Amino acid sequence: MIRSSVALVLCLSAVPVLADPASYASPQEALDAMIAALESRDRAAGLVVFGPEAEDLIYTGDPELDRTHRETVLDAWGEG
13 MIRSSVALVL
23 CLSAVPVLAD
33 PASYASPQEA
43 LDAMIAALES
53 RDRAAGLVVF
63 GPEAEDLIYT
73 GDPELDRTHR
83 ETVLDAWGEG
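Just so we're aligned, residue 13 is where the sequence shown starts under this note's numbering, counting upward by one.
Since the hints were derived computationally from the structure, they do not count as laboratory data. Please read these numbers as outputs of a predicted model, since none were measured by experiment. The beta-carbon is built from N, C-alpha and C at its ideal position, and this holds for glycine as well. Among the hints, erroneous ones may be present.
[To be verified] Per label pair, the in silico range of CB-to-CB distance: (1) Glu65 / Glu91: 26 to 34 angstroms; (2) Gly73 / Ser38: 28 to 36 angstroms; (3) Asp74 / Ala37: 31 to 39 angstroms.
Start from the sequences and build out the full structure, keeping to the hints where you can.
Here is the structure:
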């Protein structure tokens with residue numbers, strides 16, 4: 013459930029990204045980038061993390077549902 017939520021939570025901005033997903037020096041850096049994108053509610057940042065080909069997997073097209081998914085992941089992250 014959390015995995016699918018992560019894939020759906022990043023939608024709020026309408027700015028597309030036309031690049032491959034970012035690469036990170038460590039898993040922690042990748043996780044930090046994902047959390048930062050979630051916290052910023054920045055669609056472009058999310059697409060940098062996951063790549064533009066993941067757009068249909070991480071955004072539902074429903075801003076309210078995307079907000080709910082984003083908050084679910086951030087709440088789970090905050091609980092540890």
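Status of the hints after comparison with the structure:
Checked against the hint of 26 to 34 angstroms, the C-beta distance between Glu65 and Glu91 comes to roughly 31 angstroms, which is consistent with it. Between Gly73 and Ser38 the CB atoms are about 33 angstroms apart, so this pair conforms to the stated range of 28 to 36 angstroms. Taking the beta carbon of each, Asp74 and Ala37 are about 35 angstroms apart, inside 31 to 39 angstroms as hinted.
Consistency note: the structure conflicts with none of the earlier hints.
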